[in-house]
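J.: Take a look at the letters that make up each chain.
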Amino acid sequence: MSALKSCFARGFSHIYVEEGVEENPLAQEILSKFPKAFKVRIKHYKDVFCRPRQNFLVQESSRKLIIAAKRGELLYPGPDVCQDFGNENFYYTSPALNCIYSCEYCYLKGMHPSANLVIFVNLEDFFKKVEDLIKQKPVYLSISYETDLLALENIAPLSAAWIEFARGKENLKMEIRTKSANYPAIRHLKPADNVILAWTLSPAEVIKKYEKNAPPLELRLRQIKKALGDGWKVRLCFDPVLYFEGWEKAYEDLIGRIFSEIPACGINDASVGAFRIPREYLKRMRKNFPPSEIIHYPYAERGGVYTYDEKLKGELLGKVRSLLKEHLPEEKIFLT
Amino acid sequence: MFYIVTAYHAEARPVIEYFNLKKVVKNSRFQIFAGSDVVLIESGPGIVASACAASFLLSEFKAEDKDAILNIGIAGAKNADLKIGDAVLCHKIIYHDTGRAFYPDILVKHAMKEGVLETFDFPVAKEDLPENSIEGDMVDMEGAGFFEAASFFMPPHKIHCIKVVSDYLEKVPVEPAFVSRLIGDNLSLIRDFMLSLESVDSFFPRGLSREDREVIEKLAENLKLSFTMAHQLKNLALFYLSSHERLPEELFDFLNVRVNSKREGKNCFERVKKLLC
Ligand code: SF4
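First to last, the sequence lines map onto chains A and B. Residue 193 in the working numbering sits at position 193 of the first sequence, with consecutive numbering throughout. In the working numbering, each residue carries its 1-based index in the second sequence increased by 336.
Treat the hints as calculated values from the structure; they're not laboratory data. Small disclaimer: the values here were computed from a predicted structure and weren't measured. Don't take every hint at face value.
Result set (DSS-like, lysine-lysine): computed pairs, CA atoms no more than 27 Å apart in a straight line [said to hold, decoys possible]: (1) 325/A - 249/A; (2) 287/A - 419/B; (3) 135/A - 208/A; (4) 209/A - 560/B; (5) 287/A - 560/B; (6) 311/A - 602/B; (7) 419/B - 462/B; (8) 313/A - 208/A; (9) 46/A - 402/B; (10) 445/B - 39/A; (11) 226/A - 208/A; (12) 609/B - 209/A; (13) 445/B - 212/A; (14) 325/A - 225/A; (15) 419/B - 283/A; (16) 313/A - 462/B; (17) 190/A - 33/A; (18) 570/B - 311/A.
Same shape as in the complex, but just chain B (with noise of 0.2 Å):
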């Protein structure tokens, strides 16, 4: 699952098209939209409400490692390096209140630029602040607190800020259309950087699937596993599918089984581990 976070309406809408979300209601202040794979909220603007709205997505869906989350929005460039309508990944986002840094894990290729994201409280106009204030590359109202608080349920390459820079931090207001415009007219690329983060986990081959897991703690709780035994037990399992496609047909016949004290626990689970070793 995709979990998207913009700060505006106009940023969200495109991505509401592109990827035929629908409106979810759900006991909350922030929009949300969902489809099969993407579900978008819209957090409004700074950094504080892009943290809430991130956190509240995660938790309320129950986001897993597998799983991403991306800051899609909007971004004033400091210089002409970046042009008007370049999607840029960043790859450090600084809270400029308190200097510190976050960093996200780029490992997958993408077709992007990058570049280094300020987050400010206040929106930001070049001619007001002194020179070489700004660190970054582009600045915005919503990165830093975005990371920070995603950086709580998920690791670092499963978060990303997306800034499509929109102005050179001049105070000339940029109407929606135009924003719209810009975040669509990116969409395709960071489309196939979410299937590239996607397809990072289909590479690795996993642990327990959830019905072995099922398996073991039916098998604790009828043999009557301490602790430790029901963990060497899962431990075991783990050795057996390092060379076997699947637990072996036998255990499944221990699920029958019912012990009546601790003593008869430990003797079938000798026998549990013979299976497995």
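Looking at chain A on its own, in the form it has when it is part of the complex (with noise of 0.2 Å):
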């Protein structure tokens, strides 16, 4: 296996860049880290994302990373799917497109045509929307949605910038919602009062099997542990929750587990959901990749989303949430 895995050109081995980015300072931040990557111009960033027919299974194995500036629409409505944790005007933006990490379940998988990373490098474009519409309106915003920006911060900075654009901003409640071990990243930052940073956390057979190249669930909670310390709002995600063989022995243990290692006084709120996912998206996945216990699980059908039947996502819903409630009180604990 290791064998033939050598085989595969190493990480962002080809760097592409869009015509008018290549001045942008984040821009060159970014390149400056791959000495070693041929860069290619590119006219549009779809040129490349965009590509008929590409396999982004094999892409993978070697992700490229494309650096671009973001035009049109920048934010966007949350979607009915996503927890709004009681907060109107809830939207989310995307100042990177797909992960570094490959979770079996990623509903990316079934967005994207290409595994490849975009960067948008035209945060002032971003800051201006966002300013423009907390003039009019108090705003939630969640700002590692199609990615986990925290996890690309030693690529390129994208987190700190916008924790520095949010803080003080009254009308602006922002998450970053992360898998990453990587808090050090941002750890010389001030904690900023409207800015949550929320860590999903499951299972350690889960993250084993199916949350591939994401850190371990001990590495994640050390962080939690260091950000609680050092003053920061933080959130628990337990999104997607899964159904397994042996699944509420494996919930109790891990709820179990984090509360042992964290304080709960400590955490702003709980979220718990289980897997669901836009029919689109699945009917991609399950035609594009390997025979997969979660993909091709036989899930339910409500409103063009997948999840599981309501029986099995009552349970799996109720369980985490009482297993919740031994440490936290129950309006900290929202379900979708």
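Both chains are given apart, each in its own frame, so use the hints to dock them into the complex.
T.: Now the structure itself:
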């Protein structure tokens, strides 16, 4: 296996740079980190990202990087399948597309035609859009939506830039969701009141089996502890909760372990959501990926979304909620 | 299977010898040579000829995603960064006429150089063109047509242009024997690249085998399953195969079952579902 693996070119062996962003300071910073990469000029990021017949699965073994500027819409209303934590005006934005991890259940595999990573470097345009919006109303903004932004911090310090942008803006509340152990990359920043660092946590066996390349539970917990100690607002996300043989015991162990290591009183809130995915994405994943207990599980479909049948979903959410209730007040637990 | 498109016989000859290909008679004006896992077509010069030859080859031989297609030939280099005889794997191919660019996915390691190829509709002599009018590192007359046509059939990591530098775009004719030698000298590098391309597929688990697919189609027919149910059956088979080596033996018993009504079929389908869940 490893012999075969060695036939792949290293990740980011090629960096595609959109015309017009070469001089952008963030683009230059990113490029300086990959001096050996071939730099290929492109007109538009979609010329590479949206080529027909790309093989996502194979590309994951040798991901390329695309540096571009995002035009047109930069903020989107949060979709119904996502938790808004009781906030009005839920929006998300995508400063990057795709992820350096490869979770088997990740909907990005069905959403994007390519596994390549796109980083949008026109941060000021994004900031301007948010500034305009928060002049009209309070906004709850998820910025790590089609990626794991903190995982990319050593490539492009986007989380830090967004945190500094958000700091002190009363009408803005921001969530950065991650599975990374990359908190040290932003640890030099003072905690911002209106920024929530949200860690997705899964049972150790799920991480090992389905969250390829993502850090193990122990490292995520260590960083959560540090972030809490430094005074950050921390959210715990149990999303997706997956069904598998022995799931009850696995989630008991997970939640037991979390609160044996982390003080529950410091946790801002927690979200719990059963695996769910838009029909079109799952269809594409089923077509393009090899047999998988997650992708090919016989889900029930409701309103264009695939998820577990009502009974099983109820059991999964009920169990995790009751486990959490032993440590957190009910009003801090949000179910999707 | 590897498909190779060359423009001229002088480019094809060393490939034919190296892979021990034999001439195949097909009803077309192209010359085709085939071996056990390589088929070569001589397109003749030009973007349209190369596109036609690539399309003909891939449809005539019913190419699949696991196959790959290469355009192998000579090209003129814009400057001396590239040496005569260098084999260059192209990471960008520009069609000069329209400015449209194509990007092969270079996912495997290789020992060639890399560069940008620019395809012109006419033979290029540097002195005839205004300065800075060539964007590519190399110039040819086929690459963009080949790539665009092949993209209709194959994924971008299985379409590649490999160009061997033959000149510096001066008005000096390149002798056929020299062309053959340039290509021949690089064939072991090219073969290594082909082996890497091939191994990419064996690295990933496959979905349903042809036998599995046949069983599922037969079951769907025998049990008079609707389109949706047949689809569900296929998905359940994949779900089962995610944790088992092969489909369960009991499933094959259903191959002998014939149902007389949709309702009977539905009942059988419920039993099949239980086997696979
Ligand atoms: S960490 Fe999130 S974005 Fe990244 S692969 Fe996993 S699910 Fe997808």
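J.: Taking the hints in turn, state whether each one holds.
T.: So, going through the hints one by one against the coordinates:
Taken as a hint, the residue 325/A and residue 249/A pair is honoured in the structure, with Cα atoms around 16 Å apart against an allowance of 27 Å. Restraint check: the Cα-Cα separation between residue 287/A and residue 419/B comes to about 45 Å, which exceeds 27 Å; the hinted pair is violated. A distance of roughly 44 Å separates the Cα atoms of residue 135/A and residue 208/A; the hinted pair therefore is violated under the 27 Å criterion. A C-alpha spacing of about 37 Å is found between residue 209/A and residue 560/B, which places the hinted pair above 27 Å, so the restraint is violated.
Proximity of residue 287/A to residue 560/B is assessed by CA-CA distance (about 23 Å); at most 27 Å being required, the pair is judged to hold. At most 27 Å may separate the alpha-carbon atoms for a hinted pair to count; residue 311/A and residue 602/B meet this at roughly 23 Å. The hinted pair formed by residue 419/B and residue 462/B meets the criterion: a straight-line CA distance of about 17 Å does not exceed 27 Å. As the CA atoms of residue 313/A and residue 208/A are separated by approximately 23 Å, the hinted pair is consistent with the 27 Å bound.
Note on residue 46/A and residue 402/B: the hinted pairing holds, with a Cα-Cα distance of about 25 Å set against a maximum of 27 Å. For the given pair, residue 445/B sits about 16 Å from residue 39/A by alpha-carbon distance, which is consistent with the 27 Å threshold. Distance check on the hinted pair: residue 226/A and residue 208/A sit about 23 Å apart at the alpha-carbon level, within 27 Å; holds. In summary, the hint linking residue 609/B to residue 209/A is supported, as the alpha carbons are separated by about 25 Å, within the 27 Å threshold.
Note on residue 445/B and residue 212/A: the hinted pairing holds, with a Cα-Cα distance of about 22 Å set against a maximum of 27 Å. For the hint linking residue 325/A to residue 225/A, the alpha-carbon distance of about 20 Å falls within 27 Å, and the restraint holds. Of the pairs offered as hints, the one joining residue 419/B and residue 283/A is violated, with about 49 Å between alpha carbons and a cut-off of 27 Å exceeded. With a C-alpha separation of about 68 Å, the suggested pair residue 313/A and residue 462/B falls outside the 27 Å cut-off, and the hint is violated.
Restraint check for residue 190/A and residue 33/A: satisfied, since their Cα atoms lie roughly 26 Å apart, inside the 27 Å limit. Between residue 570/B and residue 311/A the alpha-carbon distance is near 24 Å, which keeps this suggested pair within the 27 Å criterion.
In summary, the numbered hints that this structure violates are 2, 3, 4, 15 and 16.
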